[in-house]
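We have chain F; now place chains D, U, R, P, V, X and Z with the ligands onto it with these hints.
One letter stands for each residue in the lines below.
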Amino acid sequence: MTHQIIIAGFGGQGIMLMGQLLAYAGMLEGKNVSWLPSYGPEMRGGTANCNVIISDEPVASPIVTEATAVMVMNRPSLDRFEGAVMRGGLLLVNSSLIDKKASRDDIEVCYIPANEIADQLGNSRVANMVMLGSYIAKTGAVSPAFVIESLRKALGPSKEHFITLNEEALKRGAECVKECVRR
Amino acid sequence: MTHQIIIAGFGGQGIMLMGQLLAYAGMLEGKNVSWLPSYGPEMRGGTANCNVIISDEPVASPIVTEATAVMVMNRPSLDRFEGAVMRGGLLLVNSSLIDKKASRDDIEVCYIPANEIADQLGNSRVANMVMLGSYIAKTGAVSPAFVIESLRKALGPSKEHFITLNEEALKRGAECVKECVRR
Amino acid sequence: MCMARVIFDEERCKGCELCTTVCPKGIVVMARDRMNSKGYHPATVIEMDKCIGCAFCARICPDVVIEVEK
Amino acid sequence: MCMARVIFDEERCKGCELCTTVCPKGIVVMARDRMNSKGYHPATVIEMDKCIGCAFCARICPDVVIEVEK
Amino acid sequence: MSKVLMKGNEAIAEAAIQAGCRYFFGYPITPQNEIPAYMAKRLPEVGGCFIQAESEVSAINMVYGAAGAGARVMTSSSSPGISLKQEGLSYIAGAELPCVVVNMVRGGPGLGGIQPAQSDYFQATKGGGHGDYHLVVLAPSTIQEAVDLVMEGFDIADQYRNPVMILGDGMLGQMMEPVEFRPLSSKRELPLKTWATTGYTGDRPRNIINSLFIDPQALEEHVKRIYQKYEEIKKNEVKVECYNCEDAEIIVAAYGTTARIVKSVIQKAKREGINVGLIRPITLWPFPTSTFEEWAQREHVKAFMSVEMSMGQMVEDVRLSVNGRKPVYFYGRTGGMVPEPNAILSEIKKVIGGVSR
Amino acid sequence: MSKVLMKGNEAIAEAAIQAGCRYFFGYPITPQNEIPAYMAKRLPEVGGCFIQAESEVSAINMVYGAAGAGARVMTSSSSPGISLKQEGLSYIAGAELPCVVVNMVRGGPGLGGIQPAQSDYFQATKGGGHGDYHLVVLAPSTIQEAVDLVMEGFDIADQYRNPVMILGDGMLGQMMEPVEFRPLSSKRELPLKTWATTGYTGDRPRNIINSLFIDPQALEEHVKRIYQKYEEIKKNEVKVECYNCEDAEIIVAAYGTTARIVKSVIQKAKREGINVGLIRPITLWPFPTSTFEEWAQREHVKAFMSVEMSMGQMVEDVRLSVNGRKPVYFYGRTGGMVPEPNAILSEIKKVIGGVSR
Amino acid sequence: MTKVFTRPKSLTDKPFHYCPGCTHGIVHRLVAEAIDELGIREKTIGVAPVGCAVFAYEYFNCDMQEAAHGRAPAVATGIKRVLPDRVVFTYQGDGDLAAIGTAEIVHAATRGENITVIFINNAIYGMTGGQMAPTTLIGQVTATTPYGRDPGKAGYPIRMSEMLATLEGSAYIERVSVHDIKHINQAKRAIKKAFETQLAGKGFSMVEVLSTCPTNWGMTPVEALKWLEQNMIPCYPLGVKKEGK
Amino acid sequence: MTKVFTRPKSLTDKPFHYCPGCTHGIVHRLVAEAIDELGIREKTIGVAPVGCAVFAYEYFNCDMQEAAHGRAPAVATGIKRVLPDRVVFTYQGDGDLAAIGTAEIVHAATRGENITVIFINNAIYGMTGGQMAPTTLIGQVTATTPYGRDPGKAGYPIRMSEMLATLEGSAYIERVSVHDIKHINQAKRAIKKAFETQLAGKGFSMVEVLSTCPTNWGMTPVEALKWLEQNMIPCYPLGVKKEGK
Ligand SMILES: Cc1ncc(C[n+]2csc(CCOP(=O)(O)OP(=O)(O)O)c2C)c(N)n1
Ligand SMILES: Cc1ncc(C[n+]2csc(CCOP(=O)(O)OP(=O)(O)O)c2C)c(N)n1
Ligand code: SF4
Ligand code: SF4
Ligand code: SF4
Ligand code: SF4
Ligand code: SF4
Ligand code: SF4
Ligand SMILES: [Mg+2]
Ligand SMILES: [Mg+2]
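First to last, the sequence lines map onto chains F, D, U, R, P, V, X and Z. Here the first sequence is numbered in the working numbering, starting from 2 and rising by one per residue. Here the second sequence is numbered in the working numbering, starting from 2 and rising by one per residue. Here the third sequence is numbered in the working numbering, starting from 722 and rising by one per residue. Here the fourth sequence is numbered in the working numbering, starting from 722 and rising by one per residue. Here the fifth sequence is numbered in the working numbering, starting from 2 and rising by one per residue. Here the sixth sequence is numbered in the working numbering, starting from 2 and rising by one per residue. Here the seventh sequence is numbered in the working numbering, starting from 44 and rising by one per residue. Here the eighth sequence is numbered in the working numbering, starting from 44 and rising by one per residue.
Same shape as in the complex, but just chain F (with noise of 0.2 angstroms):
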């Protein structure tokens, strides 16, 4: 089984943590895993994206062009990389930043209201580990208590007070996926 994800957002939505949460998830998994940031001149404000891939397999290329899975965290996000998604994959949309709807039938997509269920947790900063917890209970790619023990390895023992938010926002994130349009 291999998982290729895309991840897409603004430069301050925590894009890039979401993925590497995700890969170190899946490296303590035991599987393969790669994350590979875009990098440039938009990294200054303007949208950031990473791939990650968790396989069984050794990764061949780290770049995903047809993606199992694409979460999208803000409007032009979701027109860049609505078509990155295969046939029959996944794409997760941040209803709450994004009016539109997915243009694809051939995917199955769920509306994520990310950043109000951040808001109700109290902070809105959490909206990327609300989406976070949408994917994987939906794929089941990665166990939750892995991720939460790769936020603890990222934030340090100091901010153990985050952590709880963080299982929180993960927690409400899967209860989400019950609102998915297959079609």
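No lab work stands behind these hints, which were simulated from the structure alone. Here the structure is a predicted model, which means the values were calculated and not measured. Think of the CB as a built atom: it goes at the ideal place given N, C-alpha and C, for glycine as much as any other residue. Treat the hints with care, as some may be off.
Unchecked claim - Here are some chain X residues pointing at chain P (derived, C-beta under 8 angstroms):
1) E109
2) A111
3) G113
4) A142
5) I143
6) T145
7) Y168
8) T171
9) G172
10) P177
11) I181
12) T188
13) P189
14) Y190
15) A197
Coordinates of chains D, U, R, P, V, X and Z with the ligands only, in the frame set by chain F:
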């Protein structure tokens, strides 16, 4: 007919000029010519040498390895270049500064007291022209008139009084070549 | 009383807030209620009639957002 | 009276004449009568007994030709 | 040791430190900035020294000095910066100093762009500097391999007293993969650096680090001796991966990250019933010539195709190796564009169509 | 016009002036110092400008600026100095600026020596700088040819907006031969330099001299357009001399001064009844590939041999051209040593002995 | 009503790519205003650096050349020698001018090259993500001085204006700041004067502008202006450093 | 009798290749004497330039590295960082240090690199046959200023010592001459002091030595010393330019 000439001596003896005058004169005669100096750290004192080719054919390699004639103005040059004379070729030795005799017996050797003659002419710096006079007289490689014309070019118009001196030196050099030894 | 007016090319504004710090009349503020297409809350002027046309706001703006008339 | 002596490593001399210009006793001269193997007339001292061992000659010599004893 | 997830650039920096590199002289340039940043942080912790030089020219000459003083030393840069190091590299090769130089290639020529490219292949392998010399050029394809090659690179440099270049690209530098910092499998007997300028105390001859030989005969002898060393390197150090070559109708030549894309293509092609092989040179210099020669003699191999992120550079070495035995094709993207699997596959199909006609 | 006897370096400088070059930026280095000295003297006489730059890096960037301003401009150096110009050359090629760069090659690597060599062939022809680009490389064999090629070089540079390199060596620079400064035989229609930055007065679009294309797609398009130009150059500008190739058993490949020595060898061989040919590439890039291809197909040609003042560089292009049709041998001296006619001849005999066995 | 402040003609219409609050934009405008006021746009040729201002060729509405990193003064020299009656300026950052381009700026100055240099000192490498510049302050944390700049290891901040002022060829050198209106006005005057120096054929002119990099300093733009005033100016005293004949 | 003057131990036995009367030789000896007197030969590592002193590695009887043209300060930095308890010096000409190596010397100085630089200012490129150096005097005829150096075209003589003295990292800088015994003695003291500065860990030290090039100046060695005194010293005032803490 191809004249392949090596001229060698101390840095200050006018070696390079001798070669250039020969080449220039050759050119004025409508021949193909080339002049190739040795360059490098030797330039700073030490010995200097150059290769001249005067030929009816286009000049292929400007490097002289088997010389039709070699002129040596000092002792180290004799040691270094005696072997470069081709069998049957000509070696001109500045006997004023070189007390040693040539060792080869398959070539023609002329001993020219170039510095003595120059001193007699009142200017030891024309020893090179004496030597050149000998060479020209011996080989007929170029006409003395063209050498003088070349010299006029090289010195510029203001130095006309030098010309007479140099003409004289050429002439005196030419007279010496009677004393050559053919073995 | 001198009439003056400042015009913001809001699309160019990057919300850096430098202009708000130099207005002698304190009338330049950030429009928290709207965003331009780059995602920034643009600067704007409240109480335009207080503007003295000193152009301080324009002079400090790094993105040449502001024109001043007088 | 102080005894002093200068020794020239004549093979190293390049005949630059610098040493001849600094000797307070004027006893350093060029040996016009001989040449070293590099082709230079070496410097030398006439009237060594006048030497005061000031080492000026040695100190200005660019080729470390001169040793001084005292 | 357990694996950690690391950016290529940081993993390369850490590998250098684990290999005993304690000196780093560099100048910032995208996309390799994580290397100096990591070194600036880590080297003081291990008693080493990081200097941000005033330029790439200065950095490579600091490397010269430090290497000449006997240290393990590294510098890194990206394309324009590597061009500025060419004189220094020629000096380092000429003076036979060991060091590791990383080039995270970006699109060129000129200021170009900052996206990944492989258009510095010629510069790296043929000698961008003046004179007869070679760098040992190692081209990792994964971050793990980058780590391993950096560590081995220091050994190779020391063993042969020759600069080693790690030729990566922006993609390899920026991506993350799990890596393990493990001891090298092959232990080398490394010569003592008795030639280093550490102070002339009299217990050895005076040491001089130098590339000047004003007498041409001496210079020629010096160069020929270096070339004998190169023959040794050619004999001992060639590294290459052959993938799916048995029964392959066409063999693709690709290195570095491009080779990974080609592997994806090969898997895809397999599913379509097309047998494509890959020869992946890991050492670009010395080039795995004999591997190509051998496969070129197999009957099932109808053609070769070099796939590069350039306008066609390694393809010349492939052609030199195949030497007319089979046709050699080329497909490339450049300027920071990465070849797409589908495009590569359709090129392969075109070639197969052509040669089987 | 009548002939004058001139040093190669001075003749090259004069040729540039006669070709309309009015700007020269350089830095001293042996064995090409007569070029800047001549320019320093002559340029003020013709209303031009000579600057001794603070370094080769600066000199090549002054060339960039002057070329971008629309002038005919030249720089010259020798091996280490040319290495320092690599970044600048890549920029000039990337920004498509015409200029002429002279390299009077000396022995390397490193500081090396100052005697003639041909060991910068790779650097000149493959691209010592970063990224995909090429210089047009002209390799004169006589001073007359140097003069003619410098003059034509400026035209080629202007026609294709690409830097042109004159690749000579210390021998060519230091020797004297008769030369004639004659008008070029082939008149080219040169495009107006409407792209030059001369001031934006509004009668044309704003001009920008640049090699930055941050979007990889744009950079790729830019590079591909340059490569189309290179195809044109390959079609139009290849220059090569074939000498005594009819009936030759073995064909030697040699360029520049080495080719002259080979000619002497050929005459000598003829006297011994051995038929040796010479293919002398005059353009090293574009390389006269098809000439080699054609002769490689002749039955009487049993082998090729590249003779160079290097450890073997052009030989790769010969091999690529011959592509396995015939064996290709190499004989070279390096570090400032000049191949001796007798040694070349005996190598030739060895090869003939080998292939006719 | 008349326009009392409007976009200078010597800027194109293209929005700057600079980070919010980055004072590169202010300096761009001042340069453009000076060119406008002197009426020299048609004969001005600019040279862009490699640094955050790399796209300056898209912003200045005159002919432009994009130089290699640090080499703008050499490129400008090439242009000026070919076109001595044109006005040539470079726009360079502190990495560009004070690190890799040290030789080029020193020798343009000592040659008395009749060009104008706008030197943006923001104490950091902006474009490459915040590494130490030669002008980075002591103790300042950057990507390559993670423990703060330690002069014992990484050297001292370099005062280019003072250094170049020692050279006979430099005709006019002033250091200015843009952290408030008063200083912006002063900066404008200095920039104009620099161009005037060139127009008068007096030789090398340079204006060093203390500038902010909120992004890599890790501050808001407003904080950055304060930091500049409080930390940079004490290290880099403002004022005329050289004024010739 | 005892030897009151003899060849220093820190010189090898090899005769210098310099032209007759070239003061490079004097400075070599002074450097060697200073090393002898400080007793540091065993821990000294020298860096030779490209220039007439390119063979310095054959003359100084200590470990040596031969640097690329102009890069000696960078090479010395590499050595010094690896071996901080050794004494590292460079020996450089004015082409090497003041032209192509400008950036390297400026940044070694501003970094306060704890090395010693011996800088031979002979107002010309000796090795390559007498081209203009950045230190060539106004009006001086060289191979590349055949009509005399015209500052309007070729710039002004550069005073490196004064320039580097403006940098915080430079600890000791003095300009000396070797045209007579008094000045030779002064030069010796300065060179020794420069090494002492390094030994005390104070940072960058440099001694600029005004030196002759009889060959390319076209003079006898004796004339050259006079020319130096009469022409160079007025342009390059002798004395301590910087003396730190
Ligand atoms: C030869 C070379 N080296 C390095 C770089 C990478 N680089 C681009 S911009 C820059 C420094 C930018 O800093 P600065 O000049 O201070 O300008 P700022 O961005 O701060 O305005 C560097 C090192 C390059 N493009 N070319
Ligand atoms: C990169 C490079 N450029 C140029 C040269 C040629 N070169 C050798 S020495 C020298 C200048 C020597 O002058 P200087 O440094 O003043 O030393 P001097 O000979 O006067 O003592 C030059 C330009 C070189 N070897 N390498
Ligand atoms: S012009 Fe002056 S008063 Fe008016 S808004 Fe701007 S700063 Fe305020
Ligand atoms: S200064 Fe300009 S960019 Fe910044 S907030 Fe004000 S108007 Fe917007
Ligand atoms: S030591 Fe003094 S007195 Fe004696 S010879 Fe030398 S300079 Fe003259
Ligand atoms: S100074 Fe030295 S080299 Fe010169 S003449 Fe005197 S002894 Fe000879
Ligand atoms: S990185 Fe810094 S200097 Fe560059 S644009 Fe952003 S704020 Fe300005
Ligand atoms: S050329 Fe000049 S500097 Fe060089 S050794 Fe001769 S006199 Fe001395
Ligand atoms: Mg900066
Ligand atoms: Mg000098």
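Quick rundown of the hints versus the structure:
Given hint, E109(X) at the interface with chain P, holds; its Cβ is 7 angstroms from that chain's nearest Cβ, closer than 8 angstroms. Evaluation of the A111(X) hint against chain P yields a held restraint, the C-beta minimum of about 7 angstroms falling below 8 angstroms. Below 8 angstroms, beta-carbon pairs count as interface contacts, and G113(X) has one with chain P at about 7 angstroms; its hint therefore holds. Because the closest C-beta pair between A142(X) and chain P is about 5 angstroms apart, less than 8 angstroms, the hint holds.
Against a cut-off of 8 angstroms between C-beta atoms, the interface hint on I143(X) holds, since the closest Cβ of chain P lies about 4 angstroms away. Interface hint at T145(X): satisfied, since its Cβ lies 6 angstroms from the closest Cβ of chain P, which is below the 8 angstroms cut-off. Interface hint at Y168(X): satisfied, since its Cβ lies 6 angstroms from the closest Cβ of chain P, which is below the 8 angstroms cut-off. Among the interface hints, the one on T171(X) holds; its C-beta lies about 4 angstroms from the nearest C-beta in chain P, closer than the 8 angstroms criterion.
A least Cβ separation of about 5 angstroms between G172(X) and chain P falls short of the 8 angstroms threshold, and the interface hint therefore holds. Interface restraint check: P177(X) against chain P, minimum CB-CB distance 7 angstroms, threshold 8 angstroms, status holds. A hinted interface residue such as I181(X) counts as satisfied when its beta carbon comes closer than 8 angstroms to some beta carbon of chain P; here the least separation is about 15 angstroms, so the hint is violated. Interface hint at T188(X): satisfied, since its Cβ lies 7 angstroms from the closest Cβ of chain P, which is below the 8 angstroms cut-off.
A cut of 8 angstroms between beta carbons decides the hint on P189(X): the least distance to chain P is about 5 angstroms, and the hint holds. Residue-level restraint check for Y190(X) holds (minimum Cβ-Cβ distance to chain P is 7 angstroms; threshold 8 angstroms). Below 8 angstroms, beta-carbon pairs count as interface contacts, and A197(X) has one with chain P at about 7 angstroms; its hint therefore holds.
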